[in-house]
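Following the hints, position chain B against chain A.
Chains as they are written, first to last, in our numbering: chain A, 51 to 462; chain B, 8 to 189.
Since the hints were made in silico from the structure, they are not lab data.
What you are looking at is a predicted structure, and each value in this text was computed from that prediction instead of being measured.
Ideal placement from N, C-alpha and C gives every residue a C-beta, glycine not left out.
Among the hints, erroneous ones may be present.
With the Cβ distance kept under 8 angstroms, some of the chain B side facing chain A (calculated, not the full set) [said to hold, decoys possible]:
no., residue
1, 28
2, 31
3, 58
4, 66
5, 77
6, 88
7, 110
8, 111
9, 113
10, 138
Chain by chain, the residues:
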Amino acid sequence: MTASTTPHQHPSADDPRILLDDQIGQFETVPPYPPRTEREAEFYSLGDGEMFLNMGPQHPSTHGVLRVVLKINGESVVDLDPVLGYLHRGVEKLCENSDFHHIISQVDPLEYVSSLFCEWSPVMAFEKLLDVQVPRRAEYIRVLTGELNRIASHALFQGWMALDLGGLTPILYSFIERDEIVDMLAAVTGQKLLFNYFRIGGVNGDLNHEFMSRLGDWMSRATAQHEANTQLLNENEIFVRRMRGIGVLDRDTAFRMAVTGPNLRASGVPYDVRRAHPYSVYPELEFDIPTRGHGRGGDSLDRYLLRVDEVKQSLRIIDQCLHNMPDGPIMAKLPRLLRPRPGRAWAAIEGPRGLYGTYAISDGTDQPFRMKIHDPSFVHLQLVGQLMKGNLIADTMAVMASLDPVMGGVDK
Amino acid sequence: MDRALRKRLETRFGEQLTGPVRQRHDQTEIRIRPADVPEVMRALHDDPELAFEILVDLAGVDTGTHMQVVYHLWSATTPDWLRVIADGMPRDDPRAPSLTGLWPGAEWMERETYDMFGIIFEGNRDLRRIYMPPDYTSFPLRKDFYLADDSARSPGGGVRHMEQTQAPSQATPSVVRRTVKA
Numbered sequence: 051m052t053a054s055t056t057p058h059q060h061p062s063a064d065d066p067r068i069l070l071d072d073q074i075g076q077f078e079t080v081p082p083y084p085p086r087t088e089r090e091a092e093f094y095s096l097g098d099g100e101m102f103l104n105m106g107p108q109h110p111s112t113h114g115v116l117r118v119v120l121k122i123n124g125e126s127v128v129d130l131d132p133v134l135g136y137l138h139r140g141v142e143k144l145c146e147n148s149d150f151h152h153i154i155s156q157v158d159p160l161e162y163v164s165s166l167f168c169e170w171s172p173v174m175a176f177e178k179l180l181d182v183q184v185p186r187r188a189e190y191i192r193v194l195t196g197e198l199n200r201i202a203s204h205a206l207f208q209g210w211m212a213l214d215l216g217g218l219t220p221i222l223y224s225f226i227e228r229d230e231i232v233d234m235l236a237a238v239t240g241q242k243l244l245f246n247y248f249r250i251g252g253v254n255g256d257l258n259h260e261f262m263s264r265l266g267d268w269m270s271r272a273t274a275q276h277e278a279n280t281q282l283l284n285e286n287e288i289f290v291r292r293m294r295g296i297g298v299l300d301r302d303t304a305f306r307m308a309v310t311g312p313n314l315r316a317s318g319v320p321y322d323v324r325r326a327h328p329y330s331v332y333p334e335l336e337f338d339i340p341t342r343g344h345g346r347g348g349d350s351l352d353r354y355l356l357r358v359d360e361v362k363q364s365l366r367i368i369d370q371c372l373h374n375m376p377d378g379p380i381m382a383k384l385p386r387l388l389r390p391r392p393g394r395a396w397a398a399i400e401g402p403r404g405l406y407g408t409y410a411i412s413d414g415t416d417q418p419f420r421m422k423i424h425d426p427s428f429v430h431l432q433l434v435g436q437l438m439k440g441n442l443i444a445d446t447m448a449v450m451a452s453l454d455p456v457m458g459g460v461d462k
Numbered sequence: 008m009d010r011a012l013r014k015r016l017e018t019r020f021g022e023q024l025t026g027p028v029r030q031r032h033d034q035t036e037i038r039i040r041p042a043d044v045p046e047v048m049r050a051l052h053d054d055p056e057l058a059f060e061i062l063v064d065l066a067g068v069d070t071g072t073h074m075q076v077v078y079h080l081w082s083a084t085t086p087d088w089l090r091v092i093a094d095g096m097p098r099d100d101p102r103a104p105s106l107t108g109l110w111p112g113a114e115w116m117e118r119e120t121y122d123m124f125g126i127i128f129e130g131n132r133d134l135r136r137i138y139m140p141p142d143y144t145s146f147p148l149r150k151d152f153y154l155a156d157d158s159a160r161s162p163g164g165g166v167r168h169m170e171q172t173q174a175p176s177q178a179t180p181s182v183v184r185r186t187v188k189a
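If we strip away everything but chain B, and leave its shape as in the complex, we get:
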């Protein structure tokens, strides 16, 4: 745990943090609003005291009540991994700004997250499905999507629609049975 990093993050981002900076093992975690992602990421990348050069990972999370986008970053200035959680997106219309302006390599990671969760990354110019076929209509890693042995409760009840669904609000509604406070 890098206490100095915590202090730097608190002074640099003060108002933009929506929760306390958390630290556990070798990870430091901050929470921000989705709208602040480009600004915070730009600062983390450009500020010589932070200098988070490497975007290690981009993950979507469906907590069952809302959606998150989770970024992991690496910097030579700290021994910790930095986790940035863009928190509190509504499940029926999750939208986050794209990071492709800063890291063009985020393009496919965002495509994957869109494909699996339906999170729309505004500004990504190639946001189409990457794993699932183009006529697929649901978002498999969402918590209202159940595996085949539970398919009676899965969206569409096993029926595949041929129209293209671009947003979760247009997909077949269903039930969430598992939630987490994350």
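Okay, chain A solo, but in the shape it has when bound:
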């Protein structure tokens, strides 16, 4: 029997045309259309000795699917143009078409390494729309699990940072630390990555024996383990020399670029939403706001060390939560179907990457009319172009990693 020649015939696996015909994953560096803006025209015109280099979207160290077009002269970066949208799924539109409870699972995958924080700000905004008082025990549980998640996120950051500079070992230790925390959270939330734990008016389940025993076990050695992990890097000469003085972000630029979170604190500004605009039970807890880079601006090393300092503060908070944990209900009494009165609410929290915020408008139905999610990674990623000018190509990923963007949140 002869082979069919119909167009629906699937080619055999060893047909060389499969590879030639498949254009997926190939990009034209210079866009095939005329420039749309002044900035695009300026970027896509080459000066003397300059060339374009396309990095991504499948580059192993772009922390997700991000494409960056570099304009280089020799080995130094003249300018760069990040191209976003590869992970865009229109989460705000999805939220406008889901009911208030469903939204918690929609926003979870935004920042998949710290998804409790993605739930926290929408939940807080809806509680403001509904005028709900969250029980104190639920607030303490939120802070406790949130700070655990912050440590898990910062632990992973340390490993990623080293990986982007070519160090393979630290990420293994980071994942050990993160896995312990994630197992703990899985015991209480039921999931290891997208926790879907916070609820409007409280949390989904009370702390259980497995969580408490794992947490007690981990707390007894957390500080020592954290010290050991950071010593692996902090005293590594190659690591320090590749980070010091690279990507300096001064205080004024940080304010003007709307930077928040650790990146702002590493530039010497003690701005932390937990203190600047207290929410939940943070006013009752004692912790410091570490800052670095006073006067001279923060470089990549400052941003790295600041996150190391933050982990210590999170451990302090967890300790206090365990000692002060009140008894009581974990959910406010609310109807199943939520229909807030028409109105507007804004809620912001301090996440591991900066300020997460939610602006919600209710029109009286069970779905928000508009829901804007503010993600700090998105704002921080636009800094890369400024911080990279004049640096080497190899440092692009190092600077980007020190800003710690997560593409799920950037692309929404």
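Chain B in isolation, oriented as in the chain A frame:
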């Protein structure tokens, strides 16, 4: 709620406010005309009694009848978040002045708002689509854009045009079914 902030805002901006200063929970809200945005923002930023240093968020809103740009600001002088609503832009040609002169970090937020709502920020030198592909012609977060299960009513009826639409007035017209008084 910070009553003193309300008084300060009323005396400082009197004529420029298009509605009463509203306060609820930890938020204070003022409404201005889009044309006044640069002046009001500059005053909020520079006036030592207000000193709103941090631009926290920039959001577009399509109320179904008109467009808004909503800014959230933070200052050490008040325990409230300040919400500034630039109100009353026509849906078929929404235009607002850019904030990039004051906060260059607003550039991508404005790009996102342009991409999602078609609001044109005059003065932003890089106002191109940021999430959607360059040949995309509609503005997904507008209220006349429906999700895939409703695609028969979506702009263009599921047909993608290859020309570049830069303004909502050139995009395929369609119907709004949900509006809010915001």
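Subject >> Broken hints, by number >> reply: 1, 3
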